[in-house]
Structure formats: C-alpha cells, structure tokens
Amino acid sequence: MPGTQLLMTFPVTATSHSLADYRARGGYATLMKVLEKMAPQDVTKEVAASGILGHGGAAFAAGRKWAVIKLDDGQPHYLCANADEGEPGTFKDRWILEHNPHMLIEGMLISAYALQVRNAFVYIRGEFDLPYRRLAAAVEEAYAAGLLGEGILGVDFSCDLVVYRGAGSYVCGEASGLLSSLEGKRGYPRNRPPRLTVKGLYQMPTVVNNVETLTNVTAILALGAEAFKKVGTPKSPGTQLCSISGHIARPGVYEIEHGYPLKKFLFEDCGGMPAGAKLKCIIPGGISTKVLTAPEIEPVTYDHASFAKAGSSLGSGGMIVIAEGTCMVRLLQVMLRFYHHESCGQCTPCREGMGWMHRIIDRIVASRGRPEDIEQLYQISRWNDGNTICGMGDAAGYAAIGILDKYRDEFEHWITHGRSRFDGNLEVVGNA
Amino acid sequence: MPEIFINGQSVQAADNQSVLEAARASGYYIPYFCWHPKLSVAGNCRICVVQVEGRSWVEIACNMPVTEGLRVFTDSDLVKAHRKMVMQFLTLNHPVDCGICDKAGECTLQDYHYAYNGAPSISHEPKVRSTKFHDLSARIVLDNERCIVCSRCVRFTHEISKSCALGIKHRGDESLVRASEDGALDRDPYSDNVVDICPVGALLSRQFLHKARVWYLKPTPSVCPGCARGCTVQIWHRKPEWRLKALDPKQNARIDRVTPLENPAVNGPWICNKGRDLAAILERARAEAPMLKGKPVELAAAIDAARRLLGAAKRPVALVSSWGSNEELAAFKSALSARVDAFVKEDSTPAPGERLDDDLLIRADKNPNTTAARALFAQLPNPAVFPADTDLVLVWGEGFDFARIPAGARIIFLNAWLQPENGHADVFFPVSIQTERPGHYTNFQGVVSAFEPCFPKPPGVADAESLFAALGAQGQP
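Chains as they are written, first to last, in our numbering: chain A, 1048 to 1479; chain B, 410 to 886.
Only chain A is shown next, with the shape it has when bound in the complex (with noise of 0.2 Å):
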C-alpha cells in the first residue's frame, strides 16, 4: 500500500460499511469526545491548523473557508457534502460513500458542531445507485441510534442530515451550481461574489467540502492536527484517494499518502502497464487537469506542490493512464463532446465555446479539418479562460490546451493526412 492510510483502515466485508462494524472499528467515539470536549471554534482551529486542503480538484485550504463563518452571526448556517463525484476519471468518493458512509456522517456532525450548523446535505450524484442506498441506510442506522437528530449522545447539539439525489449533471459538482440545484431550481452557478460561505444555500453562509474532505475531519480530529500533519508532505498534509483507471493492470481506488513517488505507484502497485504496454502520458487528477508526458512524470511524487512543479494539478484524484499508441486527437474529441454536452448554457464563453470546440474536433476526426483549426482551439481556449461563471469553462481550456501543446504533432498528421497516426496502417514515406 502506498504509505500512510487514513481511511482505508479496514478489509473491506459484506458488512464493513454498517453501524456495528463503524463502531467496532472505534468509529463515533471521536464524535463524542468533540462534542464533550471541545469548543466550536477549538474544532475550527484544529482543522485549520491541520492544513488540509480540499479533496475536491481545487485544493482549497478547508480551514480558510470555514474560518469566514462567523458562528455568532445570527443567521443560520448550512454544510453540504458534495458528491455529485462527476469529473471523468474520479470514482474515489465513491469508495468512502460504500464502505465508510458512517466516517463521513462522523466528519460531516463534527463539521456541523464546528461551524454551528443543524442541518447538513449530502448532494450525491444520481447515477450513484449502491453508494446512494448504502449512505441513506447509514443515515438510517445513525438516527435509530441517536447519532443525528434532536440532542445527539446526550449532548446539547442538534443537527439534521438530508441526502438529496442530483438528477446527473456535471456542473452541479460546481458548488454554487451544487446550492442551486439543492433549492429546486436549475443547475446553474452563480457569480461571486458573494462567496458561498457569505450566501450559499438559501442565501445563508453555507460551506460545501468534498466527501472526503469531510472523511478525512474525523481523521483529523481523531490523530489532532500534530499527528495528522506527520503525514504527507508539509505542504500537501494527509493522503489522497486516487482512483486510476484506463491502461493499468490494476485499476481502483488506492489511498495515497502525499509525497508517494508516482512511478512507484503506477508500476508497483498498480502493477504497471498491461500486457507490457509502454506509458505515453497520464491525466493525472480528472481531465480537466493538463496530461503529463511518461518522461514528466519521472520526478514527480503524488502531492500538490509536485503536480504544479511538473505543470498540471493533483485535481480531483481521478488519474486516467494512457498507453503509447493511443490517439490523442480522438481522446481530446472524447473529452470536448464530454465537456460540450455538460455544458450548462448560462454563460456565452462556455455555451457557444464548447460546442465550437467540439464541432471543430469532430471535423478535424471526419479528415475535414484545416491548418487553422489547432489556433482555433487554442483560442477558443483562451477565451474561456476566466471568462466564465464557474470554473468548467477554464477547465475545458486547460484540458484542450494541456493536449494540444503537447500531441500537436499528432492533430497536424490528421489534418494534413486525413487520418490518425495511430490507426495501424503503414505510412507512406517520400514519393514512392
């Protein structure tokens, strides 16, 4: 196992993911030493102080967003726990709404008590079947036991959680996209400011973490920031569940402690490439991140400030690898239609942008393209680079530009040939 792990703790059973097993694993018992012992904002200290940032693709520092919550505001606070997990290639939160639902119920009621919140969502996306039915039956389990609800383990702090289905839209993964979809109307999100911890969900301060942002405040609480900050890397505290799909002989979820070498994990214990496949490059984070060549990799170790060193982000954890023979002009189509369907339509950049861009691959695919075309990527791009209302837009740019930059090659052999260099036929050299 890649070094530390912090929630994958446990063998996974047919029963690893109820009440009994939680408890027995010594689950809930950092719950009631916090509601015992601590003070809300000694909770908030301890987050921040812990210097987790958020599992989400952002990496924003958790213990900044929630230090703007000013608990004797007098208006109600809410928390959302965002697994509407819709990025392609991450199925990490997935893994915790399975087989921990209960550790993010714990850290979720902590975050609760911390910021003075009585009622919590969880916005789980609706393509979520098993881990759905297996969070709602957890929920269940917790009120039957007094864990949510009026007065939780006899103490004077209150808290009700709601887990609300998404109806399958990438863009409501976006938090304020996320809060709208949560009040019943359309999916779109909303400009800043106001930030979301000013008018969030019903226009009340409202904190929105990943899932296992919020997992991970159980680990926090349970170790204290001192211990929890041991592991990882001092910038990158902690471990990161990344899940690796694509040409890998082991795909899954693997709990990583930041700082892990990347080539040892990809070759030692996800069992390198299959059928003796040679790397081409990875997305390393969803793919929204900039893909990272075979030689890029070489000195990377899976932490923040590593990922940025090479020119991409950790992201969301969602690593895609990719085998040399692969058609780098046909996966940025796949990712463009991807990012032209999910596309919310509310603002210009990002609504006539996406699907240019994909119109525009699509031609470059059917042997119709033009040399102009790759400048007109880019700048399509650069166009919806901060120009949008939440971040989809940029997302698209970099995914596009990530590829363009370095497999320009292979589109100006499909423009110029009118087909893929990859697609097996021998090429014809000189004028036979």
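Honestly, the hints are just simulated from the structure, not real lab data.
As the structure is a computational prediction, the values presented were derived from the model and not from experiment.
Each residue gets a CB set at the ideal place from its N, CA and C atoms; glycine is no exception.
One should not assume that every hint holds.
[Said to hold, decoys possible] Straight-line C-alpha distance at most 27 Å; calculated DSSO-like pairs for lysine-lysine: (1) A:Lys1276 <-> A:Lys1084; (2) B:Lys571 <-> A:Lys1232; (3) B:Lys578 <-> A:Lys1246; (4) A:Lys1311 <-> A:Lys1276; (5) A:Lys1246 <-> B:Lys648; (6) A:Lys1117 <-> A:Lys1084; (7) A:Lys1080 <-> A:Lys1092; (8) B:Lys659 <-> B:Lys866; (9) B:Lys627 <-> B:Lys648; (10) B:Lys866 <-> A:Lys1232; (11) A:Lys1282 <-> A:Lys1232; (12) B:Lys571 <-> A:Lys1246; (13) B:Lys447 <-> A:Lys1232.
[Stated by the list, open to error] Covered stretches of chain A, going by a simulated chain B footprint (3 or more residues, C-beta under 8 Å): (14) 1381–1392; (15) 1405–1417; (16) 1430–1436.
[Said to hold, decoys possible] If we take Cβ atoms under 7 Å as the criterion, some of the chain B residues that face chain A in the derived model are: (17) Cys454; (18) Trp466; (19) Asn472; (20) Met494; (21) Arg580.
Dock chain B against the given chain A, drawing on the hints supplied.
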C-alpha cells in the same frame, strides 16, 4: 458614498451600487445584454467587462460592487479584445438574418456588432439550427436561433410579473427558452414586456410580426386609457415622410405597435398587454357625421339644435366622460356646469375575464381620467337616479344605457364610435379621440401625463373641448 475612478475620472457612486450602475449614472457607457435595471443580476452575457487597474484580467461590471478608491477602465485594450471575443461567441450560432428580423434597427446585438466587433465570424462551422416560430403564447413567437439565452425574459416572469411562465430547458448551446407549462405565458397579462426587454430578435410580437421596419415608424408619447394607472406609452405609427402611397391609405394612420414610455412615477419600464392592444380600443369604427335624430347634418346645424335644446330645458342633466382629458373636463366645467347638473360617468367597465387589479400596474377602474373628473363633478348615484323632472340629458362618451334615461327627456350625445345609440339621440356629435388631439390625463395617484396627437382628425369630427365652448356660448342661436 464611495468615490471610484472610471477611466481615471472621479465618480461618486452610491452604496451598494455595482460598477455598471455607477458608470451608467455618471454617463459612462458599458455595454450589456443580460443586465437590466429592474431585474436581478445574472452575469451571463459577459460583455460588460471592465479592467481593474493593476490586474491583468477583466471582470464583469454588473456584479462588481463599488469600493472606495476602486479604479476601473472601460475601454482598455484587454476590455476591447474581450468584448470582441464575446461578440464572436454570440454571433457564432446567431443566424444574422437582420434583413428579415423585426428587431433590426433597435437590436442591441446589431448595435454592439458595429460598435465592438465589426468583423465577420472567424468560425467555419455550420451554425447550430434550432426552433423557428415557436409559439410561446398566442401573442409571442420565439426564434430560438436568434436567442442569446440572456435569461431576461425568464427573470421578468419570475421577478416582475411573477407568473413564472418561462424557463430554460436543455443545456449548453441547445438551451431553449420555453413556457413552464402549456398556456403559462397566455395567462400572464404582462407577457409582451419580454418582447421589449429581449436584446435580440428572439421574442417577437405576433401582432407586429413583419408589419413594418421600425425605422419607418415614429413613436408619439401617449397615455394608455386602459385603466386608472395611466401608463405612459409610445404609440408607433408610420412616419409622414415614409407614407405609403400605393397601399391602403389607412396604413398611414394606423397604430403599428405600442411600447412603454419609461416613467418611474407611474409604470416604470412596463405596461400590460391591454396597453399593447390600444388598437383594439382606439381603432374601432368611428362616427364621422353629426346627426339630428339619426339624420346627418352639418356641424353648425347640430350645434344650433343643441343650444336650442339646452336653452329650452328646465332641468338639464349631463353625464361627463371619465375618458375626457383634463382640458376637456375643464372646458365643460367652465362652459356648462352653471346650467346643467353634471355627474361623472364610468365609460368602460371590466370586460369578462379581464384581470381586475394586481400589485404591479393593473387597476380595477378601467377609465383613464376618473380622478380628474371626480375632482370637478359629483358622482352619479348608484343605481343611476335622475331627478324626476329631468327633461334633457347630455351624454358624453360611450358606455351608458339609454334605457336608463327618463322617458320624454331629450338627448344630446357626444361619442367617438359608430354605435347604435348615436341615431337615438336628438342631437349627436362625433368627437375626436386621444390619438387626434393633445391633452392630459390624471391617474389614480394624481400624476398628470400628457398625450400628443398621432393622426389628423377624420373630417366631420369635432373636438369636445371646442364643442363645449360653442354650446356654452351666451346669446340666442
């Protein structure tokens, strides 16, 4: 009162203003599609960008709160490049069919194209095709290809008319504005405002569809007589210099459309659909000849007859129109009130199914000038009881049942419309309507609004104001 700097010039902004509002209030123009002064901020069109000094990126002005000492530029190179980019995106799938679009000439997209883009599309792709001539309601057609999904219309129905009649369905470049349920927009009496606030030619009025190019029309300020709110409107009709010679001459004296005339004291930028349909009220068949017991006569002969009747009457009673202008009511008062008992008459009553009143504009009193009339004259008791010895009744305006007039009393009738009662009167005068004369109405709040003539009076028609002066003149006819 934060002080901000726009293009280096100091501007006093109000608290809680956005940069866009502060700039507009001080005469700096920042382009916008989705922003509207009366609607919430959507921030989706992305053209209102400004650059904050020292930043290498642009931000939307409609959602940027003013802060003390903020320095923004509305026309830096980056801002210009960004606007050009937004225009490229907006025209990417827009059909650019201005030649057959009713909005051409008053279209924000068209104006901004010339102001901020000026270049053809850089795209080679076929345009996304979508629905044309989609009937959102019986009154409004939607061209989805022209729509730029600014969501103004959706926000209008949610925030102003509160009918929630519109929404957006589907995603991305397939987004469609649609009625939230069948007939939802038909039930919204303010629905036509979405045509005005549409920044492009997507939402079009069925009435006005392909009727005229707007540059051949001119707006004349007027007041809607539909209810006591007295919304100020613009009546659009053919410019005299663009008079049509070959076709039906009525086209030159016809109400082509009615739009709101923004008036913060009365109606803001909105009017209801009844105001749009002024043609249904004002273009009914007109009475054009004075008559004595149904026989057409010269105006002078009719005046003589009426003066004789008035002089002979022992107990004359008058019913004053609540559609008369302030000037006409004053003329009646000074000319005749010493000799007749005058009462205010309710010319029009709510039609079956018409919305009676609401919180936005519509008032239960369906007459434009009841306030001014009641200030001068008593109200007719209800039910209308005439003094027993009434021997002459002067009826001004429509909507009064002649059967209620005591038997044997003579009738002088002033009416603009061709109606059967006209022939039953002893003396009948055809009078002008508000599109043929200037005047003022006083609305229920006491706000006085002016209307101006759009068309010449038909021959044979008199102004009530001059008639009253003639009827009240001293001396024997």
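Hints versus structure:
{"no.": "1", "hint": "A:Lys1276 <-> A:Lys1084", "verdict": "holds (22 Å)"}
{"no.": "2", "hint": "B:Lys571 <-> A:Lys1232", "verdict": "holds (16 Å)"}
{"no.": "3", "hint": "B:Lys578 <-> A:Lys1246", "verdict": "holds (26 Å)"}
{"no.": "4", "hint": "A:Lys1311 <-> A:Lys1276", "verdict": "holds (23 Å)"}
{"no.": "5", "hint": "A:Lys1246 <-> B:Lys648", "verdict": "violated (52 Å)"}
{"no.": "6", "hint": "A:Lys1117 <-> A:Lys1084", "verdict": "holds (21 Å)"}
{"no.": "7", "hint": "A:Lys1080 <-> A:Lys1092", "verdict": "holds (16 Å)"}
{"no.": "8", "hint": "B:Lys659 <-> B:Lys866", "verdict": "holds (13 Å)"}
{"no.": "9", "hint": "B:Lys627 <-> B:Lys648", "verdict": "holds (5 Å)"}
{"no.": "10", "hint": "B:Lys866 <-> A:Lys1232", "verdict": "violated (54 Å)"}
{"no.": "11", "hint": "A:Lys1282 <-> A:Lys1232", "verdict": "violated (38 Å)"}
{"no.": "12", "hint": "B:Lys571 <-> A:Lys1246", "verdict": "holds (23 Å)"}
{"no.": "13", "hint": "B:Lys447 <-> A:Lys1232", "verdict": "holds (21 Å)"}
{"no.": "14", "hint": "1381–1392", "verdict": "holds (count 6)"}
{"no.": "15", "hint": "1405–1417", "verdict": "holds (count 4)"}
{"no.": "16", "hint": "1430–1436", "verdict": "holds (count 5)"}
{"no.": "17", "hint": "Cys454", "verdict": "holds (6 Å)"}
{"no.": "18", "hint": "Trp466", "verdict": "holds (5 Å)"}
{"no.": "19", "hint": "Asn472", "verdict": "holds (5 Å)"}
{"no.": "20", "hint": "Met494", "verdict": "holds (5 Å)"}
{"no.": "21", "hint": "Arg580", "verdict": "holds (5 Å)"}
The structure shown violates the earlier hints numbered 5, 10 and 11.
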